[in-house]
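Work the whole structure out from these sequences, hints included.
One letter stands for each residue in the lines below.
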Amino acid sequence: MSGVLDPRTSPPFPIVAKTMLGDSQLRKNVRHATDVIQTKRARVVGEMPDWQALREAGRQIRSHTMENLDFYLEELERNCTRAGGVVHWARDAEEARQIVVALVKESGSDEVIKIKSMTTEEIHLNPALEAAGIHPYETDLAELIIQLGEDWPSHIVVPALHKNRQQIREIFQKKMNLPELGERPQDLADAARMFLREKFLRVKTGLSGANFLIAETGGVCIIESEGNGRMCLTLPETLITVAGIDKVLPRYQDLEVVLQLVPRSATGERMNPYNSIWTGVNAKDGPRNFHVVLMDNARTEILADEEARQTLNCVRCGACQNACPVYRQTGGHAYGSVYAGPIGAILTPQLQEMHHAQSLPYASSLCGACYEVCPVKINIPEVLIHLRNKVVEQKGVSAEALAMKMMGMVFMSERRFRAAQRMGRMAEVPLVRKDGQGVGWIGWLPGMLGGWTQVRDLQEMPKETFRDWWEKRGKDGK
Amino acid sequence: MRVSLFITCYNDTLFPETGKAVVRVLERLGHTVEFPSGQTCCGQMHWNTGYQAEALPLVARFVEQFRNAEAVVVPSSSCVAMMRDHYPKMAAELKDERLMAEVEALLPRVFEFSEFLTKRLGLEDVGAYYPHRVTYHASCHGLRNLELGDGPMRLLRAVRGIELVPLEGLEQCCGFGGTFAVKNADVSSAMLAEKTTAVLNTDAEACTACDNSCLMHIQGGLHRQRTGVKTVHLAEILAGDEVGR
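Going down the list, the sequences are from chains V and B.
Going by our numbering, the first sequence opens with residue 1, and the numbers climb by one from there.
Going by our numbering, the second sequence opens with residue 479, and the numbers climb by one from there.
The set of hints was computed from the structure by calculation and includes no laboratory data.
Note that beta-carbon positions come from the ideal geometry of N, C-alpha and C, so glycine has one too.
Possibly wrong hints are sitting among the right ones.
Quick list of in silico lysine-lysine cross-link-like pairs, DSS-like style, CA-CA up to 30 Å [stated by the list, open to error]:
hint	chain 1	residue 1	chain 2	residue 2
1	V	K395	B	K567
2	V	K377	V	K40
3	B	K708	V	K434
4	B	K661	V	K463
5	V	K18	B	K567
Output of the computed footprint for chain B on chain V, the stretches with three or more beta carbons under 8 Å from beta carbons of chain B [to be verified]:
hint	region
6	13 to 25
7	324 to 333
8	404 to 417
9	456 to 463
And the structure:
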């Protein structure tokens, strides 16, 4: 895998997907990991008698927040400042990068320890830090694997899901200089712990994302499984949190709902092992300087689109990815963005203001499995269709658009429809081959339709349509 | 009952046997079937591919054909899902209040075929005979949008002579997805390969479903692999009786 996961430069989904489909090891790893998570998720969701009511509560909290986002953001800023934090506003990725780089420099450090943050991946912060002479150390185990393996995340929650244990061991052996490294999970965890501990104790500046921002208290919440995140939040002298403006929750009590929904959906756990909430600074403990960078980066544009607004309700649990039959075949890199799977297919094109990633809204069979598992009930298929319409309107005239227009006209008249049926029967004649039983099959179709006959045959059209049969039947007096 | 049949453009053109089977079952149960001849397409292909302008006028066309129906029966779960999930919104988008009201009044009378039998008529045994080994694929739209549940299975279990075998990964999409099968042919093929493997593992003679679009996809794969396993719409199984055709 080469190149940054960047929608501006990534080839269209079908092209990258084809490469990924050829990687049988990757597909095996993705299949295995998503199967394991889905089985666990089904079990712990099944334990909840009020799961559907919880989902609805989650949806309502998130929708209400998005409808009043300006209000809650201002409340958040007020309360965060009151607690001793400093709030910075970034309109786009470039501004966010500049703010963070300046803050790190101000902290006097040329190294930062990082807790997994998809937002910083979204804005390609690590390359910007490195360009400024600052070395970022990822501390989430999966992100560490990605960083050492010079790879890219392929899942929102389990970024290294496409790697198996043996591949991870090889990366650690090479990059940590541990030729004798064992192959038990414990051995790998021990190696990572030793590697990271030294960074935790030495590096004075921390960089984090946020699962939630709490308007009522000005607090920031991170949920995780390893405790490495908590080290980044508590050990450094300076802590910089980068978050999209969509991460806000109105009240502290709203955590009651989301902290039940997210871990069950994300990793099949009843609760995350580490739930950290920090609010401002405290003279006796934790970082002395605390900054929150609130980033828009196209989110207000998504907010303005009534039909797509629900995209921002996402709590980044990744359940839609695990359930998606398309993601399960290709893994995350095919989506050309850090946000992969169904949520990526709707989020990425909107973050890019629809100029890039035009193939992503079509990277779905609209099977609805994503909607079924989403803990805040984002109707992803509905948003996909909405975005497809935007793509079509932007594209204007094309062979497909002309064909669709013609078909549309055909369907507006019974006479034209019948004529089209007759024409279809004539047009297919040269393509039909009879099989042993005398049934006609088409094994090759021209142009765009050729995608169909790649692995599928098509039975020839019947000689008589249903409506022809129905009319004849009437005449026979039956 | 007077039942109006919406055959769908797909079934009319490619799968007339399904329509004939629906007529046979309904008439055998003592209902009168009518076929409004001006009907064409529900607009699903256009709508789902992003061609909203082409799909919108088809809502009014559908209402015009079926506004007086006692019940509309459709042998396709995805077309019914299209209507239920999108027609109200489409009518609203057209800013046509009369159409909105008519859509709202008509939709509760529109049923997918198996749904009509189990939910509207309260039937499980429709007097069918089909002496074959069969496996059932739950189409995504029937499963998730229409929430058909085990309705189709209950109908199948009541069929005399049938040997039903469960399909592994029943709830997994077959990979059709309309224009998805062409626009993302490689991924669609990979999804299909899993489905056909599951079908072949059942040793069934036929795979059935409530939607011919999924079945055409599965059939296309099974035929390319020269397996001899057939696909058959649920209505065609229920239409089979001991008297024969």
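Hint check against the structure, violated hint numbers in rising order:
5
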